[in-house]
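2 protein chains.
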Amino acid sequence: MSISQSVRKALEASSWVRRMFELGLEMKKQFGDDQVFDLSLGNPVLEPPKEFHQELRRLAEAPIPGMHRYMPNAGIKETRMAVASRLARETGLSFTENEIIMASGAGGALNVIFKTILNPGEEVLVPAPFFWEYIAYAGNHGGSVRAIPTGKDFQLDLGVIEEEVTSATRAIIINSPNNPTGVVYSPEMLKSLGALLSKLSEKLNTLIYLISDEPYARIIFDGLEYPYVYPFYSPTIVATSFSKDLSLAGERIGYIAVHPDFNGKLELIEGLTYSTRVLGFVNAPAMMQRAVQASIDLNVDVGWYQTQRDRLCRSLEDMGYQFVHPQGAFYLFPKAPIADDVAFAQELISHRVLVTPGVGFGGPGHFRISYSVEERVLEGALHGLSLAARAHGLPG
Amino acid sequence: MSISQSVRKALEASSWVRRMFELGLEMKKQFGDDQVFDLSLGNPVLEPPKEFHQELRRLAEAPIPGMHRYMPNAGIKETRMAVASRLARETGLSFTENEIIMASGAGGALNVIFKTILNPGEEVLVPAPFFWEYIAYAGNHGGSVRAIPTGKDFQLDLGVIEEEVTSATRAIIINSPNNPTGVVYSPEMLKSLGALLSKLSEKLNTLIYLISDEPYARIIFDGLEYPYVYPFYSPTIVATSFSKDLSLAGERIGYIAVHPDFNGKLELIEGLTYSTRVLGFVNAPAMMQRAVQASIDLNVDVGWYQTQRDRLCRSLEDMGYQFVHPQGAFYLFPKAPIADDVAFAQELISHRVLVTPGVGFGGPGHFRISYSVEERVLEGALHGLSLAARAHGLPG
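As you go down the protein sequences, you meet chains A and B in turn.
All the letters of the first sequence, read from the start, carry residue numbers 1 to 396 under our numbering.
All the letters of the second sequence, read from the start, carry residue numbers 1 to 396 under our numbering.
Hints in this document: simulated from the structure, not taken from any laboratory.
The beta-carbon is built from N, C-alpha and C at its ideal position, and this holds for glycine as well.
Hints may be right or wrong, so weigh each one.
[As the list claims (entries may be wrong)] Distance ranges between label pairs, derived from CB positions:
1. A:S144 x B:R390: 22 to 32 Å
2. A:L25 x B:R18: 28 to 38 Å
3. B:P231 x A:S94: 57 to 67 Å
4. A:N299 x B:K29: 47 to 57 Å
5. A:L23 x B:P231: 56 to 66 Å
6. A:V17 x B:G66: 14 to 24 Å
7. B:T166 x A:P72: 36 to 46 Å
8. B:E12 x A:P72: 18 to 28 Å
9. B:E202 x A:D33: 43 to 53 Å
[Said to hold, decoys possible] Below, simulated SDA-like cross-link-like pairs (lysine to any residue); rule was C-alpha separation at most 20 Å, straight line:
10. A:K50 x B:S234
11. A:K9 x B:S234
12. A:K265 x B:A128
13. A:K50 x B:R57
14. A:K77 x A:K335
15. A:K9 x B:G142
16. A:K77 x A:P49
17. A:K191 x A:A294
18. A:K335 x A:R311
19. A:K77 x B:I64
20. A:K29 x B:K265
21. B:K199 x B:G121
22. A:K9 x B:K199
23. A:K265 x B:N73
24. A:K77 x A:A294
25. B:K265 x B:D297
26. B:K265 x A:G92
[Stated by the list, open to error] Residues on chain A that point at chain B, a partial pick, calculated with CB under 10 Å:
27. S2
28. G32
29. N140
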């Protein structure tokens, strides 16, 4: 066997994803790329702000000697200072560069975090539906993920969390704005969560981390201010990236932030820095660190995403689909008109629309739409979504 | 405990490195950065070729729409084609883009490889002295590294390899030009190694991978042509980077190449692609992939490294140090004049020279010098090296 048993098992388990992907490819071959409407990818479609490219150009025209070399594993000090200063301003907490570790995107950050904190057999609770890669990320480092149900409108169910936390629970991971639902947790909800985790830590005499995976923090609508988790619980670790707010998903640039008031922070930060090194990340890509530093207060045009959301929500509502109105990210997670979401996604493929079945997020009976697509793709998809709705007795 | 037991153990085990590092820092504080001669870092000191920055500038001036987005996990097709075409030309083998997976440096590549091939309890043999991070890399993925002795002049000892390979041996990893010795394995040596591994695979009825970690392949002297491992053994996986040949260590850009004639390659490549994704690398940094594609046939000035080597070797020979003459990389691994290499490195610190004790490479009784430093640093260090030699009865 040319690969390990665990990797082979993982490949087999994800074979249905491949089959759907291949069905989509066949459709594209048959009808042309233009005539297949792909809403299955979480790939930011906007271009980075022009100031970002200006900074890249400046760096390429007058390279700073040594700027492509190895650096301390946590990253460039000035970049970390820029991140810390934004966080300090936005949270009122005393962040310094010491609490910031630059990372290779949020996916890299989460692997570094899990490697650093998980002992064999320890588990991470995650409210479902959730980003399925968490399972592999925790499994990479000897831990596991256990999904727990959410409550009404995919909000946290604190009663469930209280029941499900055990002494094997090393962390709970939340993701707001959420992939796949687009739901944002309110400050009140986060405050209650923090209080509950404090109570449970004390009761179980254990350290329960709150991991906040927040790459969509700045893709947020309706004039909302992003509700940070920091104010409500100090054993908090944030994993995030510039993938969505600066549209840099392929550049693998993000960071880990440790709560400045967490009393185990020195050892934790040392551990995170070590894991960054030995997992082979070594440091986040050097030039991108400098480039995001110059763009630290910039954002892609979030209004564009909001317009896409509004267009999509209005149409799907008219068609009779049921869904929770999303306030962030660029996803919608409607109920499928039939119980079998994989079958429904396959029906949509026959209408040349690609979506992701909810079972791929631990949310069966639903499907995920990414509206981070060009307007014409969204328009084209609406037609197929309407036909599929009608086929199951909805207005369509 | 705020971190896992395994990470805490690793931090404790490397505490002597920290102590030496801190001693060095104190020296720098006391005498000034200019007056401390640091030969302890494997950080390429040359700047990338100017064509590389021209390409960066071109990309920043006229960004290709979508160039910062996610891409297939194996990387940009055109970049992989450029790598494959160079390998095909230099090896005569039928490389295509399908055998190339872009990686976040060789450290990232090795983590991806180990994750993909190692079952729990399997081991990777490594001829000592060796790059110490291999231990952590294999340990990250449930495997382990077992060091085996080399023969005369740090060359491979095939008799030892034959004795040490067992049914638990999943791979042997070699690193030529070698860190820390600078030794290059000859085609004859690699041919014998390939034949031995074929014989042992058959005898043990198992698949033994040959992993070649070759980031220094193009930092090679004396008119040598790089002896590739590919011609001699088909279950070969190469991990490498552009960190040294283009001086891009901080940008985390490299690749994995799978032997085109390996009969398990399809499953292996699928596994490597999966591991790239779930370890959180997702893909190698996007813009750097494009930039190295344009510089695929370029190199930093290897002549400069050769001049540094010659200057260093001549001087150390005169001082009475014993060492194997290196033919590549930018390291020298002399015998310490006393048995205790950590003590000798500490003596050198008192002469304001920083080196790495051989024990940090599984080569006690030696020390590693990196001559990837400015000329004035090398000159300054020679004085301290001379004093330390004299203190132990060498000419100095």
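Could you tell me which of the numbered hints above are not met by this structure, giving the numbers in increasing order?
Hints 1, 2, 4, 5, 10, 11, 12, 14, 16, 17, 19, 20, 21, 22, 23, 25, 26 and 28 are the ones this structure does not satisfy, whereas the remaining hints hold.
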